[in-house]
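Student: Sequence:
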Amino acid sequence: MKKRITVLGLLLSASMLSAAAYADDATELRAKLAKIDNLHATFTQQVTDINKKPIQSGNGVFALAYPNQFYWHLTEPDESLIVADGANLWVFNPFAEEVTVMDVSQAVDASPMALLVHRDDETWNKYSVMKRQNKAQSSCFDIQPKQLNSSVVAVSVCFNDSKLTQFNLTDEQGNLSQFQLSAQRAVLPAESDLFKFAIPDNVDIDDQRLKQAN
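The sequence shown finishes on residue 216 if you use my numbering, and the numbering steps up by one all the way, no holes.
Derived by calculation from the structure, the hints in this document are not laboratory data. Just so you know, not all the hints are guaranteed correct.
[As the list claims (entries may be wrong)] DEER-style ranges, computed between Cβ atoms: (1) Glu174 with Arg211: 17 to 27 Å; (2) Gln210 with Gln146: 15 to 25 Å; (3) Asp206 with Ser140: 37 to 47 Å; (4) Gln210 with Lys137: 37 to 47 Å; (5) Asp203 with Ser82: 14 to 24 Å; (6) Thr29 with Ala89: 24 to 34 Å; (7) Ser184 with Asn127: 28 to 38 Å.
[To be verified] Under the rule of at most 25 Å between Cα atoms (straight-line distance), these lysine-lysine pairs were calculated in the DSS-like manner: (8) Lys133 with Lys54; (9) Lys137 with Lys165; (10) Lys34 with Lys165; (11) Lys37 with Lys133; (12) Lys165 with Lys133; (13) Lys34 with Lys128; (14) Lys128 with Lys37; (15) Lys34 with Lys137.
Using N, Cα and C, we set each Cβ at its ideal position, and we do this for glycine too.
Kindly produce the complete structure, drawing on both the sequences and the hints.
Tutor: Structure below.
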């Protein structure tokens, strides 16, 4: 009986240490992101399927600003645009001539990537974070939702020291999208319009805000 209690105690201790480690990793990631009040970068994108077969490659422009502002513009091979203006999240598909808009609070449920511009405890408590040290100054943080609510099942965010260099998204089909950042710099005052979305003429609008309210 005593041996059984000892084993149980060891298992509980290991579980508590693991939870504490995850909490420390989340704290470290949040501290790194807190130093990035705004960021502008170009990116290259590589998408592979569950068998690591290449599906698509592309490039574009990425920017973020705290709080709750986000800009992601894929320019090649097919254009698409995501803009978070602080209150709303806009997703524009020029080829389909369709715009989807949702409340920015829904963006976190749609993708853990929204954590890059969220700092509140309530949002972060929905995710677990685990750090992977690649080299002396290079590290990645794996982010997973505690409850799966979106098509994105995992995200990793990578840094070289304090510089954000890469992020990866895995969807529910096992497809992996890898984004490598370059030319990182601060968003210029003249570029503040990046976080404003003007609805183009003659497009269909899917307003998820109304559906949420109802």
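Student: State the violated hints by number, sorted upward, taking the hints as numbered earlier in the document.
Tutor: none
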